[in-house]
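Trainee: Okay, here's what each chain looks like letter by letter:
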Amino acid sequence: MASASPRQSVLTRPPRTRFIVMSLALALLANLLPWNGVAVLLWPDLVALVLLYWIIHYPRRIGLASAWFLGLLMDIAEGVLFGQHALAYVVTAYAAWLLHRRLQTFNPWQQALYVLGLLLLLELTMLLVRLAFGAAFPGWLYFAGSLVGAVLWPLLTLVLQLPQRRQPATTPPYGTASR
Amino acid sequence: MIDTTPPPFFKTGLRPATRFAIFALLSLFLILADARFGYLHPLRQALAVIINPLQHAVNAPVRLAAQVGEFFVTQTRLRVENDELREARLRLSGQLMEFQALQAENAHLRALLKARERYANHAQLAEILYSERDPFARKIIIDRGSLHQVEPGQVVVDELGVVGQVTRVYPGVSEVTLITDKNQAVPVQNLRNGLRAVVFGSGQDGTLNVPFMPIHADLQPGDQLVTSGIDGIYPPGLPVATVLRVERNAAYPFARITCLPAAGVDRHRQVLVVASHAPAPPPRPKPMESARGKR
Chain A
1 MASASPRQSV LTRPPRTRFI VMSLALALLA NLLPWNGVAV LLWPDLVALV
51 LLYWIIHYPR RIGLASAWFL GLLMDIAEGV LFGQHALAYV VTAYAAWLLH
101 RRLQTFNPWQ QALYVLGLLL LLELTMLLVR LAFGAAFPGW LYFAGSLVGA
151 VLWPLLTLVL QLPQRRQPAT TPPYGTASR
Chain B
1 MIDTTPPPFF KTGLRPATRF AIFALLSLFL ILADARFGYL HPLRQALAVI
51 INPLQHAVNA PVRLAAQVGE FFVTQTRLRV ENDELREARL RLSGQLMEFQ
101 ALQAENAHLR ALLKARERYA NHAQLAEILY SERDPFARKI IIDRGSLHQV
151 EPGQVVVDEL GVVGQVTRVY PGVSEVTLIT DKNQAVPVQN LRNGLRAVVF
201 GSGQDGTLNV PFMPIHADLQ PGDQLVTSGI DGIYPPGLPV ATVLRVERNA
251 AYPFARITCL PAAGVDRHRQ VLVVASHAPA PPPRPKPMES ARGKR
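Respectively, the protein sequence lines represent chains A and B. If you read the first sequence in this note's numbering, its first letter stands for residue 1, the second for the next number, and so on. If you read the second sequence in this note's numbering, its first letter stands for residue 1, the second for the next number, and so on.
Hints are computed from structural coordinates only; laboratory data are not their basis. Glycine residues also receive a C-beta, built at the ideal position from the N, C-alpha and C atoms. Any given hint could be a false lead.
Unchecked claim - Facing chain A, from chain B, some residues (calculated, C-beta under 8 Å): (1) 27; (2) 30; (3) 53; (4) 55; (5) 81; (6) 132; (7) 136; (8) 139; (9) 143; (10) 168; (11) 172.
What the hints assert, rightly or not - Below, in silico cross-link-like pairs of lysine to any residue (SDA-like), each with a Cα-Cα straight-line distance of 20 Å or less: (12) B/182 - A/139; (13) B/182 - A/78; (14) B/182 - A/127; (15) B/182 - A/128; (16) B/182 - A/41; (17) B/182 - B/242; (18) B/182 - A/20; (19) B/182 - A/105; (20) B/182 - A/137; (21) B/182 - A/142; (22) B/182 - A/40; (23) B/182 - A/134; (24) B/182 - A/108.
Said to hold, decoys possible - Anything over 12 Å on all C-beta distances counts as not near chain B; from chain A, calculated: (25) 13; (26) 16; (27) 72; (28) 77; (29) 81; (30) 85; (31) 107; (32) 120; (33) 134; (34) 137; (35) 158; (36) 163.
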């Protein structure tokens, strides 16, 4: 049943927990890169992207608790209102969890459209929280990051699938029923 | 087909909707605790200890690249720069001699007037690590923290004027809110006529506002605004901004005054953190008790 979806025809092996943690840590580091000016706004939230990837493809491995904790880490890293990213990540992760069955049957470019919506939801949540506590509207360019993120989605899918694609000879063929 | 919701095969804990509600409420609680009451400073400090080394690690390659780039400057550029610096030094040493004479004279006059001496400022050089990714605020992170005796409220300047104020201090780094941030206020004085005002950041495009000035306030384009020093935090006399334009519309009670910051707020790599040793202001009178006593 599961092998009917295009994802399952490509992925043959479930990812190791170590790999999931490492990808999220790398995304966090990439988010900490010292950008200035417009690049700050255009740089997509890579932690959110990687998190969405794992939640959509392996919803049993990573859930709302991880999303919440990552959000807290982002709040610390950016020195913003405590809980702002945490709330936005939890909302987005839950939305992605609701959609994950549908999204798994799409190809990455179709998924990118949904991911754009999810990333916009993320930024909208943060915008509402900040506006509620008296910040000024930062301009429409604020939403540009999610557009860049959605364009990066197929590439990200490719990169994160690489370790699963390489099928070692030791794995028996029943690996196709991966979950 | 018959039953659309089969009993769960595996125990998965709480239902996702419940879990979502719990985490969302937890986040909202954190947001409220931080924004309204500021309870979370110790937690932030503790977690920053984890994050800060990561930030330094990420910054290392970028800095290394910058250093490598600096190493390969051309000979001609070095020579031109050297000449310029020599010329600047000559010019400045002339000014310095004048300044020393003036300082001596000033000290003498103040002694004559028995005036309180202007407090000495202690400044330390800090390097800007990066600007924060928060598009709602104008903040930068510098590489000096509580280990280097940086305290919240200290003023950050460059060679042209005020850049901002230290708002949060971590062990190794601190956060500086730029004067262009929407919530950042600087008490200033017009250099031309001594008019006092408070300058706020606009938060938008690197400009500053002077809100709540009456229509007939004596401010003109080109006026220099310097810190007034009456707040006891900013040392007096530091350049803050230049008035760019003044819009006086009789339909509104206040004039719209736009200023440009004097310092290169977004441009520099090194800044000075000024520790002012201003004497503590006298305690406030207690109007509540006297009012109660009268009643």
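Trainee: Would you mind marking each hint as holding or not holding in the structure?
Mentor: Going through the hints against the structure:
1. A cut of 8 Å between beta carbons decides the hint on residue 27 of chain B: the least distance to chain A is about 4 Å, and the hint holds.
2. The interface hint given for residue 30 of chain B is met, as the beta carbon of that residue sits about 3 Å from the closest beta carbon of chain A, less than 8 Å.
3. The beta carbon of residue 53 of chain B is not positioned within 8 Å of any beta carbon in chain A (closest approach about 11 Å), and the interface hint is therefore violated.
4. Given hint, residue 55 of chain B at the interface with chain A, holds; its Cβ is 5 Å from that chain's nearest Cβ, closer than 8 Å.
5. Look at residue 81 of chain B: its Cβ only gets to about 24 Å from chain A, farther than 8 Å, so that hint breaks.
6. Hint status for residue 132 of chain B relative to chain A: holds, with the closest Cβ pair at about 6 Å, below 8 Å.
7. Interface restraint check for residue 136 of chain B: the shortest CB-CB distance to chain A comes to about 4 Å, inside 8 Å, so the restraint holds.
8. Taken as an interface hint, residue 139 of chain B checks out: its beta carbon lies about 7 Å from the nearest beta carbon of chain A, inside 8 Å.
9. The criterion of a C-beta within 8 Å of any C-beta in chain A is not met by residue 143 of chain B, whose closest approach is roughly 12 Å, and the hint is violated.
10. At about 7 Å, the closest approach between the beta carbon of residue 168 of chain B and any beta carbon in chain A falls short of 8 Å, and the interface hint on this residue holds.
11. With its C-beta approaching chain A no nearer than about 14 Å, residue 172 of chain B sits outside the 8 Å limit, and its interface hint is violated.
12. Note on residue 182 of chain B and residue 139 of chain A: the hinted pairing holds, with a Cα-Cα distance of about 14 Å set against a maximum of 20 Å.
13. For the hint linking residue 182 of chain B to residue 78 of chain A, the alpha-carbon distance of about 18 Å falls within 20 Å, and the restraint holds.
14. With a CA separation close to 16 Å, the supplied pair residue 182 of chain B and residue 127 of chain A stays within the 20 Å bound.
15. For the suggested pair residue 182 of chain B and residue 128 of chain A, the alpha carbons sit about 17 Å apart, so the restraint of at most 20 Å is met.
16. A C-alpha spacing of about 18 Å is found between residue 182 of chain B and residue 41 of chain A, which places the hinted pair at or below 20 Å, so the restraint holds.
17. At roughly 18 Å between alpha-carbon atoms, residue 182 of chain B and residue 242 of chain B fall within 20 Å of each other, so this suggested pair holds.
18. Distance hint between residue 182 of chain B and residue 20 of chain A is unfulfilled; the C-alpha atoms sit about 39 Å from each other, more than 20 Å.
19. For a cut-off of 20 Å, the pair hint linking residue 182 of chain B to residue 105 of chain A is broken: about 46 Å separates their Cα positions.
20. A hinted pair counts as satisfied when its Cα atoms are at most 20 Å apart, and residue 182 of chain B with residue 137 of chain A qualifies at roughly 11 Å.
21. The straight-line distance between the Cα atoms of residue 182 of chain B and residue 142 of chain A is roughly 17 Å, inside the 20 Å bound, and the hint therefore holds.
22. Our distance criterion of 20 Å between C-alpha atoms is met by residue 182 of chain B and residue 40 of chain A, whose separation comes to about 18 Å.
23. With a CA separation close to 10 Å, the supplied pair residue 182 of chain B and residue 134 of chain A stays within the 20 Å bound.
24. For a cut-off of 20 Å, the pair hint linking residue 182 of chain B to residue 108 of chain A is broken: about 40 Å separates their Cα positions.
25. With a closest Cβ-Cβ approach of about 21 Å to chain B, residue 13 of chain A is found to remain outside the 12 Å limit, as its non-interface label requires.
26. With a closest Cβ-Cβ approach of about 21 Å to chain B, residue 16 of chain A is found to remain outside the 12 Å limit, as its non-interface label requires.
27. The claim that residue 72 of chain A is not at the interface with chain B is violated, since a C-beta of that chain comes within 12 Å of its own (minimum 7 Å).
28. Its beta-carbon lying about 5 Å from the closest one in chain B, residue 77 of chain A breaks the requirement of being farther than 12 Å from that chain.
29. Distance check on residue 81 of chain A: its Cβ comes as close as 6 Å (rounded) to a Cβ of chain B, failing to clear the 12 Å threshold; non-interface status is violated.
30. The beta carbon of residue 85 of chain A sits about 9 Å from the closest Cβ of chain B, which is not more than 12 Å, so the claim that it is off the interface is violated.
31. With a closest Cβ-Cβ approach of about 26 Å to chain B, residue 107 of chain A is found to remain outside the 12 Å limit, as its non-interface label requires.
32. Every C-beta of chain B lies more than 12 Å from that of residue 120 of chain A, the closest at about 15 Å, which supports listing it as non-interface.
33. The beta carbon of residue 134 of chain A sits about 8 Å from the closest Cβ of chain B, which is not more than 12 Å, so the claim that it is off the interface is violated.
34. For residue 137 of chain A, the requirement that its beta carbon stay farther than 12 Å from each beta carbon of chain B is not met, with the minimum near 9 Å.
35. Every Cβ of chain B is farther than 12 Å from the Cβ of residue 158 of chain A; the closest lies at roughly 24 Å, confirming the non-interface assignment.
36. Non-interface call for residue 163 of chain A relative to chain B: holds, since the shortest CB-CB distance, roughly 23 Å, exceeds 12 Å.
Consistency note: the structure conflicts with the earlier hints numbered 3, 5, 9, 11, 18, 19, 24, 27, 28, 29, 30, 33 and 34.
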